[in-house]
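> Protein chains in written order, with the UniProt record's numbering: chain H, 1 to 326; chain F, 1 to 405.
In short, the hints are calculated from the structure, not lab data. Check before you lean on any hint, since a few could be wrong.
Derived list of chain H stretches under chain F, where covered just means 3 residues or more per stretch with a C-beta under 8 Å from a C-beta of chain F [what the hints assert, rightly or not]: (1) 24-31; (2) 55-68; (3) 73-81.
Don't be surprised by glycine CBs; every beta carbon is placed ideally from N, CA and C.
In case you want the letters, here they are:
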Amino acid sequence: MAKADMLGESLWDAYSNKVTTLMNNPQHQGEIFEADAESRGNKLIVADFGAESCGDAVRLYWEIDPATDKIIDSKFKSFGCGTAIASSDVMTELCIGKTVQEAVKITNIDVEMALRDDPETPAVPPQKMHCSVMAYDVIKKAAGLYLGVDAESFEEEIIVCECARVSLNTLKEVIKLNDLKTVEEITDYTKAGGFCKSCIKPGGHEAMDYYLVDILADTRKEMDEEKMKAAADAQAMGGGKFEEMTLVQQIKAVDAIIDENVRQFLIMDGGDMEIIDIKKADPYIDIYIRYLGACSGCASSATGTLYAIESTLKEKLSDKIRVLPI
Amino acid sequence: MQVYLDNNATTMCDPKVVEAMLPFFSEQYGNPNSLHKFGSSTHPALMNAINQTYKAINASDNDDIVFTSCATESNNWVLQSVWIDHVLNGDKNHIVTTEVEHPSILSTCKFLEEQGVKVTYLPVNEEGVVEAHTVKSFITDKTALVSVMWASNETGMINPIKEIGEICKEKGVLFHTDGVQAVGKIPVDLQDVHVDFLSFSAHKFHGPKGIGGLYIKDSQELSPLMHGGEQMGGRRSGTLNVPYIIGMGKALELATENIEETMAKIRAKRDRLEDALLELSDTFTVGNRDNRTPNTILISIKGVEGEGMLWDLNNGEIGASTGSACASEDLEANTVMLAIGADNELAHTGIRLSLSRFTTDAEVDYVISHFKNAVARLRGISSSFAKQAPTKGGEVQECELHHHH
Numbered sequence: 001m002a003k004a005d006m007l008g009e010s011l012w013d014a015y016s017n018k019v020t021t022l023m024n025n026p027q028h029q030g031e032i033f034e035a036d037a038e039s040r041g042n043k044l045i046v047a048d049f050g051a052e053s054c055g056d057a058v059r060l061y062w063e064i065d066p067a068t069d070k071i072i073d074s075k076f077k078s079f080g081c082g083t084a085i086a087s088s089d090v091m092t093e094l095c096i097g098k099t100v101q102e103a104v105k106i107t108n109i110d111v112e113m114a115l116r117d118d119p120e121t122p123a124v125p126p127q128k129m130h131c132s133v134m135a136y137d138v139i140k141k142a143a144g145l146y147l148g149v150d151a152e153s154f155e156e157e158i159i160v161c162e163c164a165r166v167s168l169n170t171l172k173e174v175i176k177l178n179d180l181k182t183v184e185e186i187t188d189y190t191k192a193g194g195f196c197k198s199c200i201k202p203g204g205h206e207a208m209d210y211y212l213v214d215i216l217a218d219t220r221k222e223m224d225e226e227k228m229k230a231a232a233d234a235q236a237m238g239g240g241k242f243e244e245m246t247l248v249q250q251i252k253a254v255d256a257i258i259d260e261n262v263r264q265f266l267i268m269d270g271g272d273m274e275i276i277d278i279k280k281a282d283p284y285i286d287i288y289i290r291y292l293g294a295c296s297g298c299a300s301s302a303t304g305t306l307y308a309i310e311s312t313l314k315e316k317l318s319d320k321i322r323v324l325p326i
Numbered sequence: 001m002q003v004y005l006d007n008n009a010t011t012m013c014d015p016k017v018v019e020a021m022l023p024f025f026s027e028q029y030g031n032p033n034s035l036h037k038f039g040s041s042t043h044p045a046l047m048n049a050i051n052q053t054y055k056a057i058n059a060s061d062n063d064d065i066v067f068t069s070c071a072t073e074s075n076n077w078v079l080q081s082v083w084i085d086h087v088l089n090g091d092k093n094h095i096v097t098t099e100v101e102h103p104s105i106l107s108t109c110k111f112l113e114e115q116g117v118k119v120t121y122l123p124v125n126e127e128g129v130v131e132a133h134t135v136k137s138f139i140t141d142k143t144a145l146v147s148v149m150w151a152s153n154e155t156g157m158i159n160p161i162k163e164i165g166e167i168c169k170e171k172g173v174l175f176h177t178d179g180v181q182a183v184g185k186i187p188v189d190l191q192d193v194h195v196d197f198l199s200f201s202a203h204k205f206h207g208p209k210g211i212g213g214l215y216i217k218d219s220q221e222l223s224p225l226m227h228g229g230e231q232m233g234g235r236r237s238g239t240l241n242v243p244y245i246i247g248m249g250k251a252l253e254l255a256t257e258n259i260e261e262t263m264a265k266i267r268a269k270r271d272r273l274e275d276a277l278l279e280l281s282d283t284f285t286v287g288n289r290d291n292r293t294p295n296t297i298l299i300s301i302k303g304v305e306g307e308g309m310l311w312d313l314n315n316g317e318i319g320a321s322t323g324s325a326c327a328s329e330d331l332e333a334n335t336v337m338l339a340i341g342a343d344n345e346l347a348h349t350g351i352r353l354s355l356s357r358f359t360t361d362a363e364v365d366y367v368i369s370h371f372k373n374a375v376a377r378l379r380g381i382s383s384s385f386a387k388q389a390p391t392k393g394g395e396v397q398e399c400e401l402h403h404h405h
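Next up, chain F with everything else stripped away, as it sits in the complex (with noise of 0.2 Å):
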């Protein structure tokens, strides 16, 4: 049986989906811009999309959700745009977001911290939230821009976007949400929460790859990153990727109808999951429950590396992730496990479980079953779950994880 619980990374495009995206590749191929029939036949379609997409987030006719490639191009748009528009060509410089945002959010604050902005990366709580009032006391006269995720990738752990928002309101600031991990999982309604952007991506909710949104509040100023002709109101050029808006919209409207009907299916395997889970000993898991996103599992397994963990699902054919440092290109532990892991052991240890609305019963079943039998094997290798004590010399390496800001 093959199981895929990474649907935080990325997840699989819904049949139904597929099917709306169809005719838009070989049928309506037209180019939406042009004058004739071959493009201008795709309109309906594509407002439809559109409707699905302003439906899924309770966003008011008054407000801009520009397609965008992915969430990443979302987020460098915000947070670039931010800095043109009030650090180049205003009067401010500093940009307040927190230690476990996505890359794309911490790379081009690096970036913008190059070319002269202030940036402070908030911390977060031993839950992995970043607390509402620590936002508020970062808040200067200079700063430009909030920037906090809804939901943790890792985690799932979900920050209160809803004071943050009134926080932001209340003091001028401008505020974004990279929305990944809460739109299409959570209900997101953006007349009861205020920000003024917020990315998403259609990957994450059963969408395709390579194509995300931009929610902008009321026409808000935002100096475009792609020049080029009158797209998307010329908020951002290109040639409009049919197919995949069409997919997108699709995506979204399955995602959110019956959204806590959804969730509540999705939570009561997680849970399932997780309590099994936790039945193994010296093993802990990341969060409350009740402030997490349904789908996802942050579980440290005392004596199992990370690596060693994956590589054992991986041959019994489950999909998982790990912040271990093992795992990843540059060997740097993962930041958000670090900024949340007590002796840096989770950012060895942690194994991340998400799953979907495809995630079965029986599924969940041989998760468990494998899990432990993988937990057993790699706890009869190792040293640190090893039972007898050295007979002499057995002092421990003193090590450093170096955690950058």
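Just chain H, with the same shape it has in the complex (with noise of 0.2 Å):
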């Protein structure tokens, strides 16, 4: 927050010349009909995305040479706000004279940067980013009909956010990569979940298959994972450091020196220990035990015994720990 935060935007003023002029006069408004097609020996492909309830809806016509697969002509209809049918009719404007193949790869960030007034100023403020979207799924849709296959055939990656355009690889690796641990920081590297939001968690504008806060979640957990498993094989191979262990992993090394040096010299006496806790206490590291059997009455339980666990301890596995009798 800061001054310019202060007193809100309006919307409409956020919209580029090029969106407000579209807004008023659409020039691809319209339909085009199978006969008129027909007649001039063309294919007419009409093809539809989104809904009313949604709150967004367009419809687009493509009259198509078959024997170029160029797009002839183009015309949309669309039920929407100002950015959408703005958006809509420079989708249909990019498409004609293209062929479908090359239609296909028309994007959202096309149409969007095709409505900017200036390269560096944004045509529609972020929360209308999405209106620009339908256009790149309404072009697959007339392609997949045209080409008989299914639209998401020419999607290669899982798009996660769909305003961004950023991909659900690329998220995990940037995540990975930069160890990023808020949904901010995913915003500021790659920019997705900074438009309409829809990505971030359910509950937005659209529903999504894929929200950044679980996708920060399991990548989080892959990497925690992937970190024990280094950490273990480390241990393994005798180099893991004690303080960067998991706790489980922590137990788990001091059973092990427990086991291998100490456990039998007090079982012999008749007693044992177990490992009740281990704790973090700056600069040590603090492992509380229990003594069972004899050693918990034995006089040298909290000095001669305790003094051969905690220096065992220190030299197989950390300076740092001290070794606490319950």
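Got two chains here, separate frames each, mind docking them using the hints?
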């Protein structure tokens, strides 16, 4: 928050002049009829995307020359706000003259860029970016209908943030490489979640298949597992650092040392011990133990035996260890 | 021609109100709590404004009406103080309210839920009205407060406040009503209707922005939100906003004198506008006219998205409002629209037109004409209104709007 945020800006003030102009006077609005297309020897494709109940819907008409797969003419109908109408109009224009295979490469980013007055200033406010996404989806649908394939086959990757077109793989990679811990950091690094915000968590304007909060949690979990595995591997190789182990790994390591070096002597005297807990107490690592059997009443359990256990653990695992009998 | 039909959001300050306020900015500017004449000279005008306010809602002399900065403050005050008095320092932990309240109630309730208060959000019927028997069935012996708005800002629908008040009285539960859309628009008689607390705000009835009030029955207990001096009997500290209090008193007087006659005039214009707009095919309005504030229309226009319609109306210099998610900052569809709308359609196609006593017949004629042109243009673009069916593959995407409780 800052002075500039004290008084919210009107959504419409953040529209580019192109958006405003096309909203008032779209150039490619209308329909193409099958009979007309046929009379010219062309094929008509009509694709719908969205629904009124979602707040946005678009119908795209393509007249295609079957000999060249070229889109000869294109028109649209759109139920939606100013951004949706302007995006549909520009999307339609971008399609004309391209082959179907070329048109399918048009993205919502291309549509939004084409709506800018200057290359540096977004054409619409962040929360309106989703309105340009439909343009991308309906093109895929139309191409799928023409080519007789599933529209999703044009999607090579799973896109999580439709507005910024950031894929699942990219997000996972960026989280791991940069050790990202919050959704805000993800947005800073990738722009994902920075626009309509539907992909951040459930409950946004549009339901999504993937959400940043889940991807972050899952990836962090994967990272932790990888770290633990690495620690366990290092321990098995004898190179693991006690301080960096998880609690479970620490307990296992302490148990292993006790089993190997201490327990046999205690048992010989009719006693034993168990590990109760391990706690960080900077700069120490405190290991709480309980003596069992004969050890629990033995006078040296607080002196000689304790010293033997502690010094063994210090030597084998870490100088920072303190052993505290309960 | 410029036409303002967003009077449920805010209203023009009546020139007579401005005139009443003016001397108290630069002539009689003393602090009314001062002992000297500069301050005490404001007392007669303040007393007059207090009398005007009591009279406008027929409050008794035993009741308190405290001046606040707005109804949002009044609503916060009631809810947060009930929490302090009855949840933190008492044995009750439950508040009953509705899904369609103003954000100043809903957001405060969400905040109180985080503090451990249990809140029931009652649904409305297809008319957008909260039914009294529904309120009754959710009151328990742990209920501290029922808060139900008198009339809806979105639909204008009037809730059965008298019946709900009786139920609360019978059950021994405090009753608060957000009267923002009722005071100055319909008769509000607190000798006829039982309420413990009533919030109102001057800018909804041609008074200035930044001043409101809270009616508190028979000096009912309520911890103050604003601690400080002894202003308003210690109930709400801070130097009195003299010009605005005087402005609100005047605005209330103007709004409530001959209210039945004024209502009838506004209603006649509203009904004429509504009838004309309903001549358009595939349109519907929400709620029975007889049970609506006389200035409000919420109309759904098939195939025309709310923000698109606002855009076209704005191009014609007409100010209206929509609950369409696309026109809001957070893209969340309006909760009121969702609570009453069939198939989410209303949430995306609803346009609210709210008139005032300053709306003229010529303005209504202009709006009818411009509105019809806008609908024709936007339906010409509309895919959901397109006549030709897609040749193939035209299945419609499934979509669910999330409705938060």
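> All hints, please: hold or fail.
Quick rundown of the hints versus the structure:
Counting residues of the segment 24-31 of chain H whose beta-carbon sits less than 8 Å from any beta-carbon of chain F gives 4, enough to reach three: the coverage restraint holds. Counting residues of the segment 55-68 of chain H whose C-beta sits closer than 8 Å to any C-beta of chain F gives 5, which meets the bar of three, so the coverage hint holds. With 6 residues having a Cβ less than 8 Å from any Cβ of chain F, the segment 73-81 of chain H passes the three-residue criterion, so the hint holds.
This entry satisfies every hint, going by the numbered hints stated previously.
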